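With the hints as extra help, turn the sequences into a complete structure.
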Amino acid sequence: LAQPRMRTLGDFGPLASLFFTDETPCDPHVLAGDQKQSEVAEWLLLAEWALEDLGEFKPDAVHKALRALAESLGVKLRKFTRPLYVAISGSASSTPLFGSMVLLGSAMTRMRLRRARIALGGVSRAREKGLEALRRRSD
Numbered sequence: 010l011a012q013p014r015m016r017t018l019g020d021f022g023p024l025a026s027l028f029f030t031d032e033t034p035c036d037p038h039v040l041a042g043d044q045k046q047s048e049v050a051e052w053l054l055l056a057e058w059a060l061e062d063l064g065e066f067k068p069d070a071v072h073k074a075l076r077a078l079a080e081s082l083g084v085k086l087r088k089f090t091r092p093l094y095v096a097i098s099g100s101a102s103s104t105p106l107f108g109s110m111v112l113l114g115s116a117m118t119r120m121r122l123r124r125a126r127i128a129l130g131g132v133s134r135a136r137e138k139g140l141e142a143l144r145r146r147s148d
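One rule links them: number in the working numbering = place in the sequence shown (from 1) + 9.
Just so you know, these hints were derived from the structure itself, not from any lab. This list has only true hints and no planted wrong ones.
Once the Cα atoms are required to be at most 27 Å apart in a straight line, the calculated DSSO-like pairs of lysine-lysine come out as:
no., residue 1, residue 2
1, Lys45, Lys88
2, Lys85, Lys67
3, Lys88, Lys73
4, Lys45, Lys85
5, Lys45, Lys73
6, Lys85, Lys138
Note that the structure is a prediction, hence the values are computed from the model and not measured.
Given below as structure tokens:
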């Protein structure tokens, strides 16, 4: 995954470090970018749920689930995945997102999304219940 993005061998460490650590940096300002932190925290929660619901955790399935989620939110996939890159890798650009998620595995991917959501201040219980109700209705 890292090789296409490498110019020199020295680029390997920063690109691949996400695979060799339990935690990645979660700066709330980098995670949210120009979006409201509360909105991005909701996106991360919804992404966590969407990935949890997948039958098979493969790049195409992950891509399809996250694309459908972004469309349901009325957000372009590129804008939606920016905070996911940061949550997964600690950086706004890294190895391909969906392949990285699959290599990390479902549990580690969802854990990083959860940590990033917490770094943004989380989602209130009331709002989480509201999102859960919407999720149940759309299933």
